[in-house]
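Peer 1: Spelled out from the first residue to the last, the chains are:
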Amino acid sequence: MLNSYLLSLITFSPLLAIVVLAFVPKQQGGTIKWIGVLGTLLPLILSLMMFAGFQYESSSVQFAEKVPWVTIPLTGSPTGELVSLKIDYEMGVDGISMSLMLLTAIVATMAAIASWNIKRRLKEYFILFHILLIGMLGVFATQSLFLFFIFFELTLIPAYFLIGIWGYTEREKAANKFLLYNGVGSAIMLIAFIALFLNVPNEELQMTMNMSELTAAFASGELPPELMSPALQFGLFIALFIAFGIKLPIFPFHTWMLKVHVQAPPPVVMIHSGILLKMGAYGLLRMGIGFFPAEAYSFATWMAVLGVINILYGAVLAFVQKDMKMVMAYSSISHMGVVLLGLAAMNTIGFQGAVFQVISHGFISALMFFLIGVVWERTGTSTITELGGLAKSMPFISGVMLAGAMASLGLPGMSGFISEFLSFLGLFGVKPVLAALGTLGIILTAAYLLRAVLRTTFGPTPERWVRLADAQPLEVVPMVVLLGFIILIGIYPAVLSDPLQETLKTIVPIVHGIGG
Amino acid sequence: MGVKDIFQYNWSYLLPEFTILGFATLLSLIDLGLRKRSRAVLGWLALAGVILAGGFVLWNAQIHQEPFSYMNDMLRVDSFGNAFKLIFLGGVAFCLIMSQSYMKISDEVTHRGEYYYLMLTALLGAMVMASSADLITLFVGLELLSISSYILVGLRKKVLQSNESSFKYLVTGAISSAMILFGMSYVYGLTGSTNLYQISQRLGEAYTSGFSFLILLSFAFLVVGLSFKISTVPNYMWTPDVYQGAPTPITAFLTAVSKAAGFAIVIRLLLVCFVGLIDPNLYASASGGRVFFEKPTFFLSVIAALSMIFGNTLALRQTNVKRMMAYSGIAQAGYLLVPFVTLTQLFFEQTVFYLFAYLLMSFGAFAIIMAVSHDRKSEDLGSFAGLYHRSPLAAVAMTIFMLSLAGIPVTAGFFGKFYIFISAVAVHQYWLAAVMIGTSVISYYYYFGFIRQMYMRPGNTEAPLPLPKGVVFIVAVTAIATVVFGAAPELVTQYVHHHFNSGFDFGNLLVPSSES
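Sequences listed follow chains L and S, in order.
At position 498 of the first sequence (counting the first as 1) the number is 498 in the numbering used here, and the numbers step up by one without a gap.
At position 424 of the second sequence (counting the first as 1) the number is 1424 in the numbering used here, and the numbers step up by one without a gap.
Rather than coming from a laboratory, the hints here were simulated on the basis of the structure.
From a predicted model like this one, the values you see are computed outputs, not experimental measurements.
If you want the footprint, here are the derived chain L segments under chain S, 3+ residues with CB under 8 Å:
{"no.": "1", "region": "61-73"}
{"no.": "2", "region": "158-170"}
{"no.": "3", "region": "187-193"}
Taking lysine to any residue and the SDA-like style, the derived pairs with C-alpha atoms no more than 20 Å apart in a straight line are:
{"no.": "4", "chain 1": "L", "residue 1": "LYS86", "chain 2": "S", "residue 2": "VAL1410"}
{"no.": "5", "chain 1": "L", "residue 1": "LYS26", "chain 2": "S", "residue 2": "GLY1386"}
{"no.": "6", "chain 1": "L", "residue 1": "LYS26", "chain 2": "S", "residue 2": "PRO1464"}
Chain L side only, calculated, beta carbon under 8 Å to chain S, not exhaustive:
{"no.": "7", "residue": "ILE150"}
{"no.": "8", "residue": "GLU153"}
{"no.": "9", "residue": "LEU179"}
{"no.": "10", "residue": "LEU180"}
{"no.": "11", "residue": "GLY183"}
{"no.": "12", "residue": "VAL184"}
{"no.": "13", "residue": "LEU198"}
Don't be surprised by glycine CBs; every beta carbon is placed ideally from N, CA and C.
Please model the entire structure based on the sequences and the hints provided.
Peer 2: Take a look at the structure:
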């Protein structure tokens, strides 16, 4: 009974917190913080219910919902008869989107706790935070491209405010850059989506916005070439690749993301790095490869090349950064390169690696940026050379930071290991040279992470950092939870691979049916 | 036709026009007898007239959907005209309410009786423009609107800026009227008729018998002249100057109502007279014998694209909010020309929906601009600094209007743009669609300029912004409507489709989009 509208319930459950917050006077900071944090528990609990109710054996879309919304009559049908574009409110998840929703709910709760240090304009902060949460959950929960676009845009506006109001000194510049880059990305995405609606009929020869129906239409291989010329298909694939590539971000489009990582407040960076970037990876897999398997297959080499560039470029630049935030920002670029490699492998193992990397990096980067925020709160800086010897005054925080770095560089037993291992394993089978180049990144990752973390935590402790307090109980929660998930995936990957399995099985044959 | 025949018409369909005419006359008479300086009573009376006329239009639409022609189409009451009249009446109603507040907070307008009844005569001109299919009456309507507007713009009699605006408006307006007349004279010379439908038939013959150049010439003159009224390229440079000097309610009137009237005449005149030219000998052929079709739509698509580009890029550098809104309006007019260029079955609903959405968002935005600029005694963008702290609800409403103007979901502006955009892609006008969406992204920058000021910059004062009741009313209505019609656009499109479409007699001119 509940299952028939569970996804809508999860997606819009943050509304409850928004409504309650609207009635709380803005002077009551403590109450607002509690509402803000408790409000994120609702989607978290509901997402866990979804996780529990998810059927691993089934490859179909689960928890599906469908309500008609808007009908636009158009005459663009191939046969010339009147066809309407039906925009439905459609929700539904498969293994990939279910996992990502759960990731979103977990990271959001942790980020809400991390928001305890926000000092100004708490009421607006938490209202915007929950709007952002609705957008993120919706992006993963929906089955309709139109809704996907709307939720995607819905993340843009609150994120713009959160960066622009609560960020550091250059916050407005960062927010503008964020807005314009992502605006261009969603504009390209919208063009591609509309071209898809208008040109790809579903089984009943109606225009469709349903992702599964579109995937099926392309997979059937029966698209008449007059509807979709190979050039148009390839063009649309490239359009989607760029649109999501900006979000991921892929190498030449990454500058906005550096600014955001440095200027945004720590909880927003946790969300941004942990979830928002992952929307790009999700879109690439679900739409880029899902709709255009043949094009993706022929583009795979380039995808792998871009992935290697991302890995090496991010890693090399991370090595020379002075600011912890910049190190982690470049590290994100590097790790997103691994996602690209996994996707470029075009086989089950590679895809699995990519999704693992998305989830794993979601937890790891949320943890690392949380720790940077915690340190910043105490020291007022995140510059590596100014820090040092923090392990003496803050042994717990430093320990967790080291653990996070270990996970990030792929220590066995942690999630980073599994995901990178799978991605490279997938690629080695098909493109050994590029895979080998990519593995260089693993070595560099170890180098830059250890340099950054060891310099901040070990060595002589400057006088001014001696009396810093270690983690407070409220700060321990995100550290333990995030690290817990990192280790859980590391030692028991089945928790993630089981729900993914059937879904990936449906994508891979499509790729190979056409491409291989 | 004798006098006797004139009395045999059923004049009840013209009740809306008679009502406005009657009220305008009544107002001017009452004005003579009033001693007090306050003319608020005239404003309310005018509003009553507008609402009454609106009721008559709705009644017309209910009972009678077939076109009704007076004196060989000198006046033609059809669903096209009725839909536009509702937009005009709604806009003027908003404008009158806004004016009541304006008169309270500003004493710059001294001739208040004139102010109100000239607004009604301007409205009457607009209504005639929408419901006539004859060059003479179209021109009379156009001049009635224009001359009333020239005076209205200059009614801040003691303000130099306002005088300058009025003078500029008059001169450019006169030039464009001359161009329109010149263009019309060619049309009349070629066809010997002023009736649009006769012109349409005869111009087709003239075109094939060697007068194609003259037809093109008259088309060019008409387009250049009419582009003044809709403020698009090439005749748009007056807009910022005039908008800046006019009383703010009149600026809003020019933005939404006068522009809508311009679109009414552009659509009626160009669509009937030029786009539908048919060579009688080729009527049975595949193209339906359309001879002049490609050229007008091509020219208009260039004009649309240039308007979007100029409007959106020039707005970037503006610091005066009214000038910025003027450039924004030029870009919006460019978007509004796109349905005309694509001419799909949706053409009418797209135009009406977008005009309606534009009416809502521009009146809402101008109401807030008026309150803020009179409070801060400045029309600089900086006067919005810290508005969020002064009046949170006004800032939120302004945010909604800006998001809507920028075309971000979920707002009426987004759906309107999406609706237009989708048909541009459907008829494979990819370059125009790309310009539309590309310039929309550029426009994010200046629309978000308001948002930056309101939320992210500290203002000089924290004192609550005084909001007159009329402003509050308009802002509340338009903000709610913008969101509601963004989420449920079918409320409008279906209404338009059912009540205003069956008598729509351009149907045969529209392109079945499957053809291209």
